[in-house]
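Visitor: Chains as they are written, first to last, in the numbering used here: chain A, 58 to 317; chain B, 58 to 317.
Among these hints, one or two may not hold up.
Because identical chains cannot be distinguished in the list, a pair is counted as satisfied if it fits within a single copy or across any two copies.
What the hints assert, rightly or not - Distance condition first, Cα-Cα at most 25 Å in a straight line; then the derived DMTMM-like pairs of lysine to aspartate or glutamate:
1. Lys147 <-> Asp192
2. Lys301 <-> Asp253
3. Lys106 <-> Asp122
4. Lys147 <-> Glu210
5. Lys106 <-> Glu124
6. Lys272 <-> Glu124
7. Lys147 <-> Asp209
8. Lys147 <-> Asp174
Bear in mind the hints are in silico, worked out from the structure with no lab data behind them.
2 protein chains.
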Amino acid sequence: MREVSIIKIGGNVVDSPEALENFLQKFNNIPSPKILIHGGGVIASQFSKRMGIEPKMHNGRRITDFETLKIVAMTYAGWVNKSIVAQLQKIGCNAIGLSGADGNCVPAKRRDPKPIDFGYVGDVEPQKINKELIDNLLSNGITPVFCAITHDENGSLLNTNADTMASSIAVALSSLYSVKLIFCFEKNGVLYSADDDNSVIPTITEELFEELREKEIVSAGMLPKLENSFAALNNGVEEVIIKKAENLDIELGSKLILKN
Amino acid sequence: MREVSIIKIGGNVVDSPEALENFLQKFNNIPSPKILIHGGGVIASQFSKRMGIEPKMHNGRRITDFETLKIVAMTYAGWVNKSIVAQLQKIGCNAIGLSGADGNCVPAKRRDPKPIDFGYVGDVEPQKINKELIDNLLSNGITPVFCAITHDENGSLLNTNADTMASSIAVALSSLYSVKLIFCFEKNGVLYSADDDNSVIPTITEELFEELREKEIVSAGMLPKLENSFAALNNGVEEVIIKKAENLDIELGSKLILKN
Numbered sequence: 058m059r060e061v062s063i064i065k066i067g068g069n070v071v072d073s074p075e076a077l078e079n080f081l082q083k084f085n086n087i088p089s090p091k092i093l094i095h096g097g098g099v100i101a102s103q104f105s106k107r108m109g110i111e112p113k114m115h116n117g118r119r120i121t122d123f124e125t126l127k128i129v130a131m132t133y134a135g136w137v138n139k140s141i142v143a144q145l146q147k148i149g150c151n152a153i154g155l156s157g158a159d160g161n162c163v164p165a166k167r168r169d170p171k172p173i174d175f176g177y178v179g180d181v182e183p184q185k186i187n188k189e190l191i192d193n194l195l196s197n198g199i200t201p202v203f204c205a206i207t208h209d210e211n212g213s214l215l216n217t218n219a220d221t222m223a224s225s226i227a228v229a230l231s232s233l234y235s236v237k238l239i240f241c242f243e244k245n246g247v248l249y250s251a252d253d254d255n256s257v258i259p260t261i262t263e264e265l266f267e268e269l270r271e272k273e274i275v276s277a278g279m280l281p282k283l284e285n286s287f288a289a290l291n292n293g294v295e296e297v298i299i300k301k302a303e304n305l306d307i308e309l310g311s312k313l314i315l316k317n
Numbered sequence: 058m059r060e061v062s063i064i065k066i067g068g069n070v071v072d073s074p075e076a077l078e079n080f081l082q083k084f085n086n087i088p089s090p091k092i093l094i095h096g097g098g099v100i101a102s103q104f105s106k107r108m109g110i111e112p113k114m115h116n117g118r119r120i121t122d123f124e125t126l127k128i129v130a131m132t133y134a135g136w137v138n139k140s141i142v143a144q145l146q147k148i149g150c151n152a153i154g155l156s157g158a159d160g161n162c163v164p165a166k167r168r169d170p171k172p173i174d175f176g177y178v179g180d181v182e183p184q185k186i187n188k189e190l191i192d193n194l195l196s197n198g199i200t201p202v203f204c205a206i207t208h209d210e211n212g213s214l215l216n217t218n219a220d221t222m223a224s225s226i227a228v229a230l231s232s233l234y235s236v237k238l239i240f241c242f243e244k245n246g247v248l249y250s251a252d253d254d255n256s257v258i259p260t261i262t263e264e265l266f267e268e269l270r271e272k273e274i275v276s277a278g279m280l281p282k283l284e285n286s287f288a289a290l291n292n293g294v295e296e297v298i299i300k301k302a303e304n305l306d307i308e309l310g311s312k313l314i315l316k317n
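Okay, chain A solo, but in the shape it has when bound (with noise of 0.2 Å):
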């Protein structure tokens, strides 16, 4: 089976021009077929504050209105996806920069408003993905550079998780590819004490993972990026790593599997 990498950062990575153009030569290095999923969720928060909207977050996560919509379509799908497509193409990596808009690559779901109204907020469902055209990119050699911005089919755009976008993505293609899925971030990987950074576990499984979570050894934060994880790998990706992006190019950072 042909294999495929999907790599997601941060707004980290996509905040520092020199951490940026670092990764970008590291991803530009994989040889295989690769896709890039991009949050970017600090300049979306700059750019919000310089035109006098107060960002509104509930439980860490942004509440999108419609004026918050135009501010994060701007900014992820155009700005940071834009600058991220035209550094990619110069380091010879012939990029395509592509919201779930286009192509109807990925539609979504409005989130419903009960409990709480997160807004223009779109839930990607994986079956709904449009894989044919993804695979007709990567078959021409045409790298991939999604943000997390999608579309409800009815005309409107949503601001979708870009996590649960890469994890989306990959359930997808792991009918059609063998599907390696990379978190990058911040920290060296899963951390079992997350003030050091050296106390990497090496390898997750579901099993360890409740019991991680149960002694709330991962952070809150660290939750969803891991059910999403696992979540893929029950459905057909073969690989879930998380790391630092800087160290893209090195085995470092947590591998997930579902059991050992």
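Given the structure of chain A, go ahead and fit chain B onto it with the hints provided.
Guide: Then chain B, alone, in the frame of chain A:
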């Protein structure tokens, strides 16, 4: 030879939700393969003002410093482009939104800073356009929607005139397709009398254009559009029409031809 329609819309359509919806319906009704190129200047200026950046113009052309480049990339490639794509998807047109950086579709050369430094502004060379990728998308039933953002192949995005973008893509595709290029704007066509929207000049040959230019019948704003149009006709484009966006589906406007 296969046919393709390349249609450019300006800010007056993009700025009005009703006009845009109406236009996109008519655009979707065009049966042949088609490409949309859009501007979006007024929205960019509004965002720019809200962010405290005063738009800088020289002879009606925007001077694009780095902060302004961010604004135009965000507005054109982000909000405007993705909103149009989502609306086309809603009505059954499988659109994909692209900047010139995506798939290296439209590389450009940063304009010489002398005599006037326009900043991050790029001029397109039609022979460098990636017509194979555009053809691949069209052949797969996908409708490309271009914003007028390009890149210099060295990591920088560039702001580009949308009319020039449209005529350059038209010229590039003319070796593969019989190309019809349509410029939509706020008037019924090229007018004998700027105040009288009924004074449309139905057919304009290159000879008549020279006459109109000498007698200063065509306005300063119309001149580059006509120059672009005749350059396109002289480089393989089959037909150029200048008309009002809402008349896309009816035979009203100015048809440009090389000679009678």
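Visitor: Provide an ascending list of the numbers of those earlier hints which the structure does not satisfy.
Guide: Result: hint 6 breaks, nothing else.
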